[in-house]
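Heads up: the protein sequence lines correspond to chains A and B, in order. Here the first sequence is numbered in our numbering, starting from 1 and rising by one per residue. Here the second sequence is numbered in our numbering, starting from 1 and rising by one per residue.
A couple of the hints might just be wrong.
What the hints assert, rightly or not - Selected chain A positions facing chain B (in silico; Cβ < 7 angstroms):
no. : residue
1   : D84
2   : L159
3   : T160
4   : P162
5   : Q173
6   : E448
7   : A536
8   : G537
9   : F546
10  : F547
11  : E548
Please keep in mind that the hints were generated in silico from the structure rather than gathered at the bench. Think of the CB as a built atom: it goes at the ideal place given N, C-alpha and C, for glycine as much as any other residue.
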Amino acid sequence: MPGSSDRRRFGAFAVALFLGVSGLIVGLTDWDQRLSSRVLDLLPASDDSLERRFMIGVIQDEQADLMRFVITNLAIDRRDDATDLLREMLRDSRTFEPTLLSDQQVIERAAGFLFKHRMTLLFPTWLARHQAEWRTMTSDLPFHEWLAVRTVEELDQFLTSPDGFFFSELIDQDPLLLIPQLRDGAIGDAGTGNRSTVLTARLRHSAFDPVTQANVLETLTALEAGLIREFPGARILATGPVLFARHSRAAIRAEVGRINIASILLVIVVVVVSLRNPLGLIGLVPVVACGLTGGLIGSLLYFGQVHVMMLVLGAFLSGITVDYGFHTFLSRPGEERSRLWKPLSAAAGSTAVGFIVLMFGSLPVVRQLGFFVGVGALCALFAALSLKPVVPPRLTAVRPVFTRPFFRGWIRPWTVTILLILLAGMTTGIFRIVWHDDIRELDMPSPELSAVDCRIREIAGDSGDRTAYLTTGPNFLVAIDRQRGFQETRSDPNAGSIHSLATVLPTIGELHATRDFLGEGSKLWLDGLRRELDRAGYDPFAFGPFFETWAGLEADACQAASIEEQLRELSDLLIGPVAFLLIEANGIHAVGTLAPSEPTATSPGPDPSFHTIAASQLENLNHVFSRYRSEVWRFVLYGLLAVTVAIGVIYRPLPGLRILLVPTAAVFSAFGLLGWTLPGLNLFHLLAGLLGFCLSLDYSLFAWESRRRGESPPASVRVSALTTLAAFGVLATSRLPAVASLGITVALIVLVALVLIEVLGATRPTNPDHGNSE
Amino acid sequence: MGRVCAGLLLTPLMASATQSLDSSDLPGEWKTLVENLRERIPLRAIFLETRKLPFRKDPIVLTGILRLDAERGLSLCHPDAEGSPITVIDSNGMAMRSNQSDWQALPDRRSIRSVHTAIAALLVLDLRLLSEDFELIGELDRDNWQIQLSPKPGADTGRLRGLSIAGTPERVNRLGIDLGGNRSIVIKISSEESVPGFGPEEYARFFR
């Protein structure tokens, strides 16, 4: 007995030391540095996808630090004054930079720049459009004569249009209508926009800084109070990445707390219900704690910094480790070597191997999760085996109902047949599975913030029935060229108009054509234009400013390099939502297009040769994640292969295959059911599949050990499966879509595995009452 | 007593002369006139719009049908122009559409919006709103009346240099908008017809 006492002391000391050191490290860790919550950290730093580079560029360009404001609940004639007051208050606040612009001012600045450079930035496309029109005409007139007539015709038509009068002050400088045409699709907009009252302000510090996030909320409260004093009843609507980032951070923390507390409480309930003495729970706590702290510290040491989503998704490690505690403490004293060590080591070892294989992938959060679970499982195994001698068997005695198969006496040939048919039917759903990833599944949705954002967009004139596209290139001129190709494929007159600056900005070909025109036909055209203006009732001398500007235009002005420089300057002027029109980010030059939405969500999208992506791809990163999902698939299969080989070696091939039958059937039927019931499965369902497989393998191993002795499955399988179901059932209710995906998948797999093990245990037990420690 | 009698006799003569109007304290005959004219809304009428531009030798003339509703604003339809464009000036600013297309908002520049707001207020004779930014000078006799509006010093009226409105005791028949730099619009209104209200289809087509 002295040896047993020494073992007890050593086990307790080892676990206490481990937990003490771990607790110290956890307590001393600077979590602000070691824990990332940045979306971009979910993708590998080496990822060279367009979407990631673009997102980084946008953040570096501080577009993420912008906020938009609009005042509502106020009569229209008072909104300008209220907006002026808001502008002053924003300037005076220490949260925002003093330079403020309304959406309309941004557009007017850009329009002013385009006006200044209209002959180099807008004229080439105007000329190309008219050259194309002339080619389709049957006119006998030479181009320069026809162009003079056509220019005046268009001017006549414009001036008799209802809104022509309001542009009339520009006409003496711009009879070609280069600026008024912008409203027809370049930076004009459909809808009932009221952009003057939408203000854009830039934060002084990063939107992702928690201090800034708190300051923004305080400032918003002060702004609203100040506004209401002058304009009772008025309300400020505000939107911006900072609000979404703050909400996401707070909501994820609250959600992690909620699901962890609910999981722990439910696990405690299951333990209290299943054990005769609830104090038996005390032995389980150090096992779970060792698993979690060991996994966390191991991950921090290995990776240096981990993503908060690893912790959120890794919460299920407690569901695995508590099982090891049950198996250990519920096993019969004296039979540990044959009935505990082998299946437990096989279960923990295979789980560790299966998850550590994920480390060889490239998606950071999956690599971290694999390492966290793998190391955590081994630490929990160490704690469970160390504490086995410490926890007295009387503390962990289970109630009789858990010592017998749940279905004993219920199993008949027809019930088994129905079960098999049901499982087969479920499994056919595998062929219906559609994979779709969305990075927003790792985020907490905020309907309130989204509604405000939507309302501000409406006020600014954005309508929701259009899709935003970005066409990219190594420089702006190439991007514009590609956009024209894309636009041709989408120019369905019945579908609605397309809005893009690329419709008026020049391509390289148009610049060449303009240089040729300036060298040859322009003088003839200008003489003809003067004549035509006079003939049509205009005073040609009133257009002196236009002819003077033209006289100063030289062919060299249309060189590609100088046009590219002007486009860069224009891009710098576009901030806020309109930045999308022409944006340079991280070496990528892009031009935006607003086009009528595709008729169906499954439309194939733009041809790759146009280098055009829907802006929604930047929001959900579906394409990027799809690529990584196939990689995760590969590593999940490697993990399963490693587990299969390990079981085959430990238990010999044929028994090994029998052991693997239960988890395999559980995974297939659970995924089949998901295929029937869910519109799309994602990366997290896949990870959950691996986890569910490892958990059900654990149960299958212990059931096999009992079965080959002619006994029913041990009580630890039932209690473990029930605690796992409870824990993952809670995860399935999470508002974080990724966590809910994980929870529902694992819960389904474990449920099917438990039913199969119980049915198998109830059908051929030769010594049914020996399956427990009683 | 003699002075009082003389004052009473002169009152009608003074009312027919040019006078500054205080919207918060309109003379009785102006108050009656404004109330009578407002009662005629909603209304439908034919308009003739004359646009003068500095670079045109002759003004541009447009005709169409005008609809005015106290809630939904002013709608101008140009049935003879290409695409039969319709222009609306309402509480959301100015918008237009052709061939039953979607409404397209016109540039939401503050300077232009002040013109829209003034025109909409002028047509419903909202003198209280107009007097915030304009001096109102009225002239009224038995058969005709007119109001000249000029921006108050320091008022932000954008491009507007002046407005005018004129009519008879029964109707408004002329609007003038002066945008400076030899640019102006005169809208003559005829065949005015007061209606109890527009039908749903007419609202849907001509207003937003």
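Status of each hint after checking the structure:
1. D84: violated (10 angstroms)
2. L159: With a closest approach of 6 angstroms, the L159 of chain A hint holds.
3. T160: holds (6 angstroms)
4. P162: holds (4 angstroms)
5. Q173: At 11 angstroms from the nearest chain B Cβ, Q173 of chain A fails the 7 angstroms test, so the hint is violated.
6. E448: Status violated, d = 25 angstroms.
7. A536: This interface hint is violated because 9 angstroms lies over the 7 angstroms limit.
8. G537: holds (5 angstroms)
9. F546: violated (10 angstroms)
10. F547: This interface hint is violated because 12 angstroms lies over the 7 angstroms limit.
11. E548: Interface hint status for E548 of chain A: violated (15 angstroms vs cutoff 7 angstroms).
Hint check: violations occur at hints 1, 5, 6, 7, 9, 10, 11; the rest are consistent with the structure.
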